[in-house]
Amino acid sequence: RHGGWQIYRDASGKYFAKNGRFPKMRVDLEMYGEGEPRILAWNVLKNQLRGIALLEYYAGAAGEKKKKDLEYVAILDLWRSRVVSIEPDKWGDDSSRWTWKYASVVVTDPEGNANEITLRKGRLQAYGEEGESGWFTDGFGQPRQRRPQRKRKPKGLLEWLFQ
Numbered sequence: 001r002h003g004g005w006q007i008y009r010d011a012s013g014k015y016f017a018k019n020g021r022f023p024k025m026r027v028d029l030e031m032y033g034e035g036e037p038r039i040l041a042w043n044v045l046k047n048q049l050r051g052i053a054l055l056e057y058y059a060g061a062a063g064e065k066k067k068k069d070l071e072y073v074a075i076l077d078l079w080r081s082r083v084v085s086i087e088p089d090k091w092g093d094d095s096s097r098w099t100w101k102y103a104s105v106v107v108t109d110p111e112g113n114a115n116e117i118t119l120r121k122g123r124l125q126a127y128g129e130e131g132e133s134g135w136f137t138d139g140f141g142q143p144r145q146r147r148p149q150r151k152r153k154p155k156g157l158l159e160w161l162f163q
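Numbering of the sequence shown is given in my numbering, commencing with residue 1 and proceeding in unit increments.
Calculated directly from the structure, the hints in this document are not laboratory data. Here the structure is a predicted model, which is why all the values come from computation and not from measurement. There could be a bad hint or two in this list.
[Claimed, not checked] Within a straight-line C-alpha distance of at most 30 Å, the following computed DSS-like cross-link-like pairs (lysine-lysine) qualify:
#1 66 to 101
#2 67 to 18
#3 66 to 14
#4 14 to 90
#5 24 to 101
#6 121 to 68
#7 101 to 90
#8 121 to 18
#9 121 to 46
#10 121 to 101
#11 90 to 68
Make the full structure from the sequences, and use the hints.
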């Protein structure tokens with residue numbers, strides 16, 4: 001129903017999710033309130049974040065006077081078969097803010113606490129890129145400009161012999 005994810009309970013009473021398509025992956029479902037977990041959504045990311053997926057689940061209800069439903073998201077690295085992080089998504093009517101970057105995401109929970117999660121090793125800036133020349137600003141240390149090379153005609157047998 002949600003990408004083949006099933007919820008199980010181990011002998012100690014803790015919940016986890018498994019998927020036959022990812023047999024090495026076990027997602028421990030952290031519960032933050034009363035109730036039993038249920039899978040709410042499954043999204044596999046694309047482009048530079050290929051191999052990263054989001055498993056959203058119900059994480060219980062909490063609160064003293066008025067119970068709030070809690071929803072959390074497990075960020076998964078499918079290529080490495082590991083859980084990268086479990087982050088809050090909704091606390092009742094309040095939602096987290098997800099700010100996506102090239103190789104990471106910043107999750108700001110409803111109370112304003114931010115957490116940056118690195119998802120991929122980012123592209124390293126090449127030496128001298130974006131006008132940086134190293135220690136000097138006069139161009140010293142910049143890569144040399146290459147001259148366009150002329151295309152030479154292949155040498156004939158006589159030219160080769162009498163060089």
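Are there hints from earlier that the structure breaks, and if so, what are their numbers? Those not satisfied are hints 1 and 6.
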